[in-house]
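Kindly produce the complete structure, drawing on both the sequences and the hints.
Residue numbers (this note's numbering), protein chains in the order written: chain A, 1 to 269; chain B, 1 to 269.
These aren't lab readings, by the way, just hints derived from the structure by calculation.
The model shown is predicted, which means the values in this text are computed figures rather than measured ones.
There may be inaccurate statements among the hints.
Repeated chains share a single entry, so a pair holds when one copy, or any two copies, can fit it.
To be verified - Derived lysine-lysine pairs resembling DSS-like cross-links, with alpha carbons at most 27 Å apart:
{"hint": "1", "residue 1": "K178", "residue 2": "K193"}
{"hint": "2", "residue 1": "K94", "residue 2": "K145"}
{"hint": "3", "residue 1": "K12", "residue 2": "K94"}
{"hint": "4", "residue 1": "K37", "residue 2": "K12"}
{"hint": "5", "residue 1": "K179", "residue 2": "K35"}
{"hint": "6", "residue 1": "K94", "residue 2": "K251"}
{"hint": "7", "residue 1": "K190", "residue 2": "K12"}
{"hint": "8", "residue 1": "K94", "residue 2": "K35"}
{"hint": "9", "residue 1": "K193", "residue 2": "K251"}
{"hint": "10", "residue 1": "K37", "residue 2": "K94"}
{"hint": "11", "residue 1": "K145", "residue 2": "K190"}
{"hint": "12", "residue 1": "K190", "residue 2": "K251"}
{"hint": "13", "residue 1": "K18", "residue 2": "K31"}
{"hint": "14", "residue 1": "K35", "residue 2": "K12"}
{"hint": "15", "residue 1": "K35", "residue 2": "K251"}
{"hint": "16", "residue 1": "K18", "residue 2": "K35"}
Number of protein chains: 2
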Amino acid sequence: MTISTQFLASDKFVLLDKNAAHRPLFTESTKQLMKQKTTEISVQIAEFQNILYAQHQHKVLIILQGMDTSGKDGTVRVVFGAANPAGVRSVSFKTPSPHELDHDFLWRIHQQVPAAGELVIFNRSHYEDVLITQVHQLIDHSEAKRRYAHINAFERMLHETGTTILKFFLHIAKDEQKKRLEERLQDPNKHWKFSEQDLLERQSWEAYQTVYQTTIRATHTDYAPWHIVPSNSKTQRNLIIASIVAETLAKMDLHYPVPHPEYFAIQVD
Amino acid sequence: MTISTQFLASDKFVLLDKNAAHRPLFTESTKQLMKQKTTEISVQIAEFQNILYAQHQHKVLIILQGMDTSGKDGTVRVVFGAANPAGVRSVSFKTPSPHELDHDFLWRIHQQVPAAGELVIFNRSHYEDVLITQVHQLIDHSEAKRRYAHINAFERMLHETGTTILKFFLHIAKDEQKKRLEERLQDPNKHWKFSEQDLLERQSWEAYQTVYQTTIRATHTDYAPWHIVPSNSKTQRNLIIASIVAETLAKMDLHYPVPHPEYFAIQVD
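Now the structure itself:
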């Protein structure tokens with residue numbers, strides 16, 4: 001079994017707090033070795049991505065979702081930190097502006113999808129429009145169902161027009177979030193990462209877990225699969241995500257564009 | 001004298017083919033040591049950039065210009081390759097689309113300038129609209145003068161609204177370009193980087209040099225200075241640009257946002 005299939009969601013998957021602490025990779029490896037492996041894989045990803053860029057054909061979209069402090073920023077930094085900025089783009093979706101809200105919820109998302117040769121990371125995404133909105137009852141059940149269908153159709157279209165999509169749910173436990181929020185509050189250099197909003201959202205922890213489970217079940221597809229990444233351990237989280245991204249890129253038939261034999265004869269004056 | 005001032009242009013600067021081969025840094029260092037130093041500085045740049053991102057106040061714009069094969073792509077990869085994709089964005093401006101041409105030449109540029117906390121690299125830029133256009137006589141002298149004024153006013157506005165601008169001309173000699181084009185033609189894995197257009201533009205080499213000199217003189221300002229980087233040596237080019245970027249970031253009063261003392265008392269339930 002490859003690591004890509006080991007963490008796949010399904011339409012029956014159950015989200016349990018305790019699973020966030022699973023440490024399947026620790027049985028084979030120490031923390032030190034796992035970090036070293038992650039660094040090696042992040043360099044591999046950078047190499048694949050240089051070919052992706054040269055080939056100018058495939059598109060790759062990585063979607064990161066998870067509760068506050070689940071490690072979305074850290075994943076971008078560690079897993080994609082070695083990549084060439086020319087072909088990698090990280091997009092962080094914040095609270096929509098009034099102008100964005102004047103459009104359908106996929107409008108601002110569509111503008112940021114990868115072009116040929118690009119690898120784009122969404123740090124939060126269109127999934128916020130079915131998560132936070134359901135938790136705070138801004139949309140009802142039938143609107144949520146319509147949005148799931150819109151999302152699946154949108155992702156299918158991206159897939160059928162050449163985009164490889166990988167979705168990751170960074171799964172932390174409620175206790176782990178407590179620990180991480182306390183760390184942010186105690187470290188003055190991390191105050192900028194804290195928002196009082198995080199505490200408010202934390203009060204809806206259980207509602208979020210329920211809605212995440214429903215959402216992932218409804219939007220886990222062959223063409224845009226969800227991976228549930230046990231993320232209480234940052235080291236393991238990075239290694240799992242890096243491995244799945246690298247395995248996916250390895251299967252993509254990436255190669256430098258076909259050479260032009262006539263070029264060998266060209267004289268430069 | 002810091003490295004930042006050593007390569008500054010001026011409004012009287014003269015662009016000479018032979019200066020592309022200058023190797024001032026080689027007198028103090030070997031190639032091996034220079035590469036090592038560049039790697040160290042690229043990690044420093046990544047660290048500064050993480051603070052820039054956290055501080056969410058300053059904006060940094062790096063503009064790379066130069067003839068084909070002068071090393072713009074290589075600079076992005078080597079100098080900014082260690083940076084966190086969350087806060088670094090590389091924008092490559094291609095031939096404008098009909099829709100883009102329906103607007104003023106700064107319209108598509110303005111959409112890509114850095115936001116607070118961002119470092120953005122322009123691989124080619126609005127300067128193409130005074131360079132290629134003058135070489136091929138698509139605009140006349142008075143239109144060029146108007147555009148210089150538009151560019152200076154635009155860059156002043158960016159500067160006065162919090163953007164630090166650094167402009168680099170990657171200066172290679174005509175012979176060096178010949179060598180690099182031949183390398184691309186002989187290496188099948190580099191064919192994708194070659195375009196027959198490059199040979200056509202090469203025929204206008206001298207015209208380009210003249211127009212570059214005029215343009216740099218007209219748009220070298222205190223708030224958006226040009227640096228002329230002798231770039232026949234890739235090793236030296238990377239070290240010079242990395243050093244100037246790092247020196248500039250070091251002078252920018254980057255720091256983590258002011259902590260909130262009241263946060264220390266918050267309890268997480």
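Right, here's what the structure says about each hint:
no.	hint	verdict
1	K178 / K193	within (14 Å within a copy, 50 Å between copies)
2	K94 / K145	within (23 Å within a copy, 41 Å between copies)
3	K12 / K94	neither (30 Å within a copy, 47 Å between copies)
4	K37 / K12	neither (32 Å within a copy, 53 Å between copies)
5	K179 / K35	within (22 Å within a copy, 41 Å between copies)
6	K94 / K251	neither (33 Å within a copy, 30 Å between copies)
7	K190 / K12	neither (38 Å within a copy, 48 Å between copies)
8	K94 / K35	neither (30 Å within a copy, 39 Å between copies)
9	K193 / K251	between (37 Å within a copy, 24 Å between copies)
10	K37 / K94	neither (32 Å within a copy, 37 Å between copies)
11	K145 / K190	neither (38 Å within a copy, 48 Å between copies)
12	K190 / K251	between (39 Å within a copy, 23 Å between copies)
13	K18 / K31	within (21 Å within a copy, 54 Å between copies)
14	K35 / K12	neither (32 Å within a copy, 53 Å between copies)
15	K35 / K251	within (24 Å within a copy, 33 Å between copies)
16	K18 / K35	within (24 Å within a copy, 48 Å between copies)
Checked against the numbered hints given earlier, the structure breaks hints 3, 4, 6, 7, 8, 10, 11 and 14 and satisfies all the rest.
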